[in-house]
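J.: The residues making up each chain are set out below.
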Amino acid sequence: MADKVLMKGNEAIGEAAIHAGCQCFFGYPITPQTEVAAYMSRRMPKVGRVFLQAESEVAAINMVYGAAGAGVRVMTSSSSPGISLKAEGISYIAGAELPCVIINIVRGGPGLGGIQPAQSDYFQATKGGGHGDYRLVVFAPASVQEMVDLVQDAFDVADKYRNPVMVMGDGMLGQMMEPVEFKERPKKELPEKTWAANGLKGREKHNVINSLFLKPEELEAHNNKLQEKYREIEKNEVRYELYNCDEEMDLVIVSYGTLSRICKNAIKMLKKEGINVGLIRPITLWPYPVEAFDKVIDKTKNGFISVEMSCGQMLEDVQLAVNGRKPVHFYGRSGGMVPTPAEIANKIKGIVGGAK
Amino acid sequence: MYEAAHGRAPAVATGIKRAVPDSVVFTYQGDGDLAAIGTAEIVHAAARGERITTIFVNNAIYGMTGGQMAPTTLPGQVTETSPYGRDVKTAGYPIRVSEMISTLDGAVYVERVSVDSVPNIIKAKKAIKKAFEIQLQGLGFSLVEVLSICPTNWGLSPNESVKWLRDNMIPYYPLGVKKDATTGEVK
Amino acid sequence: MANQEIIFAGFGGQGILSMGKFLAYAGLEENLNVSWFPSYGPEMRGGTSNCSVILSDEPVGSPLVVDATTVVVMNRPSLDKFESHVVKGGLLIIDSDLVNREPERTDIEIIKIPAQKIAEEVGSKKIANMVLLGALVEKTKIVKMESLLKALKEHGKEQFYELNKKALERGAEFAR
Ligand SMILES: Cc1ncc(C[n+]2csc(CCOP(=O)(O)OP(=O)(O)O)c2C)c(N)n1
Numbered sequence: 001m002a003d004k005v006l007m008k009g010n011e012a013i014g015e016a017a018i019h020a021g022c023q024c025f026f027g028y029p030i031t032p033q034t035e036v037a038a039y040m041s042r043r044m045p046k047v048g049r050v051f052l053q054a055e056s057e058v059a060a061i062n063m064v065y066g067a068a069g070a071g072v073r074v075m076t077s078s079s080s081p082g083i084s085l086k087a088e089g090i091s092y093i094a095g096a097e098l099p100c101v102i103i104n105i106v107r108g109g110p111g112l113g114g115i116q117p118a119q120s121d122y123f124q125a126t127k128g129g130g131h132g133d134y135r136l137v138v139f140a141p142a143s144v145q146e147m148v149d150l151v152q153d154a155f156d157v158a159d160k161y162r163n164p165v166m167v168m169g170d171g172m173l174g175q176m177m178e179p180v181e182f183k184e185r186p187k188k189e190l191p192e193k194t195w196a197a198n199g200l201k202g203r204e205k206h207n208v209i210n211s212l213f214l215k216p217e218e219l220e221a222h223n224n225k226l227q228e229k230y231r232e233i234e235k236n237e238v239r240y241e242l243y244n245c246d247e248e249m250d251l252v253i254v255s256y257g258t259l260s261r262i263c264k265n266a267i268k269m270l271k272k273e274g275i276n277v278g279l280i281r282p283i284t285l286w287p288y289p290v291e292a293f294d295k296v297i298d299k300t301k302n303g304f305i306s307v308e309m310s311c312g313q314m315l316e317d318v319q320l321a322v323n324g325r326k327p328v329h330f331y332g333r334s335g336g337m338v339p340t341p342a343e344i345a346n347k348i349k350g351i352v353g354g355a356k
Numbered sequence: 001m002y003e004a005a006h007g008r009a010p011a012v013a014t015g016i017k018r019a020v021p022d023s024v025v026f027t028y029q030g031d032g033d034l035a036a037i038g039t040a041e042i043v044h045a046a047a048r049g050e051r052i053t054t055i056f057v058n059n060a061i062y063g064m065t066g067g068q069m070a071p072t073t074l075p076g077q078v079t080e081t082s083p084y085g086r087d088v089k090t091a092g093y094p095i096r097v098s099e100m101i102s103t104l105d106g107a108v109y110v111e112r113v114s115v116d117s118v119p120n121i122i123k124a125k126k127a128i129k130k131a132f133e134i135q136l137q138g139l140g141f142s143l144v145e146v147l148s149i150c151p152t153n154w155g156l157s158p159n160e161s162v163k164w165l166r167d168n169m170i171p172y173y174p175l176g177v178k179k180d181a182t183t184g185e186v187k
Numbered sequence: 001m002a003n004q005e006i007i008f009a010g011f012g013g014q015g016i017l018s019m020g021k022f023l024a025y026a027g028l029e030e031n032l033n034v035s036w037f038p039s040y041g042p043e044m045r046g047g048t049s050n051c052s053v054i055l056s057d058e059p060v061g062s063p064l065v066v067d068a069t070t071v072v073v074m075n076r077p078s079l080d081k082f083e084s085h086v087v088k089g090g091l092l093i094i095d096s097d098l099v100n101r102e103p104e105r106t107d108i109e110i111i112k113i114p115a116q117k118i119a120e121e122v123g124s125k126k127i128a129n130m131v132l133l134g135a136l137v138e139k140t141k142i143v144k145m146e147s148l149l150k151a152l153k154e155h156g157k158e159q160f161y162e163l164n165k166k167a168l169e170r171g172a173e174f175a176r
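Residue numbers (the numbering used here), protein chains in the order written: chain A, 1 to 356; chain B, 1 to 187; chain C, 1 to 176.
Heads up, some of the hints might be wrong.
Beta-carbon label-pair distances, calculated as ranges [as the list claims (entries may be wrong)]:
1) C:S96 with B:Y84: 43 to 51 Å
2) A:K183 with C:K88: 50 to 58 Å
3) B:E3 with C:N3: 38 to 46 Å
4) B:I16 with A:F123: 49 to 57 Å
5) B:Y2 with A:N236: 42 to 50 Å
6) B:E3 with A:K183: 38 to 46 Å
7) C:F160 with A:K4: 22 to 30 Å
8) A:K272 with C:P103: 28 to 36 Å
9) A:K205 with B:I16: 36 to 44 Å
10) C:T106 with B:V24: 31 to 39 Å
11) B:Y84 with A:P186: 45 to 53 Å
12) A:L219 with B:E185: 28 to 36 Å
Derived lysine-lysine pairs resembling DSSO-like cross-links, with alpha carbons at most 30 Å apart [stated by the list, open to error]:
13) C:K81 with A:K347
14) C:K88 with C:K141
15) A:K349 with A:K326
16) A:K271 with C:K141
17) C:K88 with A:K4
18) C:K139 with A:K268
19) C:K157 with A:K46
20) A:K4 with A:K188
21) C:K117 with C:K139
22) A:K272 with C:K141
23) A:K349 with C:K88
24) B:K129 with A:K46
25) A:K229 with A:K268
26) B:K89 with A:K201
27) C:K88 with A:K272
28) C:K144 with A:K4
Please keep in mind that the hints were generated in silico from the structure rather than gathered at the bench. C-beta: ideal position from N, C-alpha, C; glycine also.
If we strip away everything but chain A, and leave its shape as in the complex, we get (with noise of 0.2 Å):
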């Protein structure tokens, strides 16, 4: 493991940004993700690119419309009170079609809330969050080398069908060190920026960046062209993590980000007990994986159950991708408090009946 370095999650995340070509990063201080704006502050400069501490949250992600608008990857980064500030921008961003990374490495709400980690800012990721008909890709990782990993791919799909790509994950995420590699990337082909707004270079006409239409015609044009990429996206871009699932089970767990490594431990406890559980482990929250389920249904006695740290947000998708066909469950904890894996596995217990 040579190679390896030991990293906080949300320097990762920068280190990441940096390798994959982020240009310029705006930010706003928030916990418990301020140590990506830290790191920025200290690396963009020494590589010659753009750090800039924003006066808001609203503020920033407009930098990054502007920026992004230019043609540069661009990112910036927030917590739960943020993002919300932040979601007009993105709305304008995804009408106007242009990339960008957005992380949240969400604490619990609603309001100002608590700072400690949670997941319910599942909805406002995968629901929309701004206003229109629009979609945010969203990456949920589950230890800080995926982080990098996915902060890397973030970049391309967003580049690939200029549309805003966000990577969540919780406090645990972002503050937690792990051993993290940054390997070397085979170069994607990616389209031309032929869009950008960077001068004439040389073109008959301005680049124009806008989402207003004012014509209903030409709104809902402008719309049915989105849509269509979001089926591209969701054929092309569902990403999941299926975990011993291979055998009859008992019963299908359903969880992303750290939780569903707890989720793990717990399928390992109930392993010793003769319960036989496996588990989805969603990696893109929208497109949501639903063909997931399919692969398992056939396999699971008694459903699936939702394990979340939110109120029964992922659920709604759980129960769309079952559509009745099994019975689907829920467990979550809320407001920063985290689950252990003896809580879910006697959850669990509960639900298929004790030891076999």
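Given chain A's structure and the hints, the job is docking chains B and C with the ligand onto it.
T.: The following block gives chains B and C with the ligand in isolation, referenced to the frame of chain A:
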């Protein structure tokens, strides 16, 4: 007591004061809060001459989040997000909030004080009293900027911090009444 | 060794977080899977501080340690909070110079070290954390002392290396 979203206290205070005009309403805001994310709210509350009082605590840093650069951070000052010292070429210049607010007609009383010594603390107390009196008289918006220390995030002992405030902050942020419309005084 | 889950706890400023970090670096040195997770937020400043460290042959599950194989405490509130988190048969290491009560558990192994006194003998109370860490490594054999020293050399302040090394050795000696 209301807890407002970061920077929005003057808007929340406006809502309270308009709903219950005979209540005494004040906001208590840090420099990151008031001079960064909440600039629009404070400027417009002052411009409207809201009959509220703002106590503005300026410690030249974001304290709560662990010591990042604030709009009031001095040129060259090292913070977590200005690790090489605030470079005015990229991070701009500190904002003198009291002077800025004084330019607004709705602001009736604006004073900058400091809590680095007993005489200054007594002056601060007087200023705050006066600011509230102005609100009670229904004259308009009042603001007291209080220069204060942040030993933890400055990385200094309390004694060193007081010295740092005197040597660095007061020269940049001169103390005194910036505006008193009750006497016609504008500095 | 399959899986070691450790909680370090004390006041901010006692070097709780760095104790955990050095151990994590030592684990990395030995090709183990490791994680380090601190308490965070305003509560850290001046108040209590703790971190969870996991070293394992297998991929690390939750980075937040609840059932600890070892707990190291450097003050009374930490003992109150974390004594119950030691698994049966696990290890509790106490800085007996700073904790003024006896632990209640009888189903675990307990080491009480006058870490402040030992650290002072070595050179500075500031390195009491290293005395405790030395005892932990000696008792659990979780990593080799060489790996820990290498971690100290690479990631610690150079001017404290010799002092830290001595403190680790004294702690290990105490636990032997
Ligand atoms: C929308 C939003 N963004 C960021 C934060 C995080 N945050 C909490 S307090 C604070 C600023 C602290 O600095 P300051 O206002 O100067 O007050 P001090 O702590 O120094 O007294 C920030 C950025 C938040 N609560 N809400």
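J.: Any hints this thing doesn't respect? Which numbers, in order?
T.: 2, 4, 9, 10, 11, 12, 17, 24 and 25
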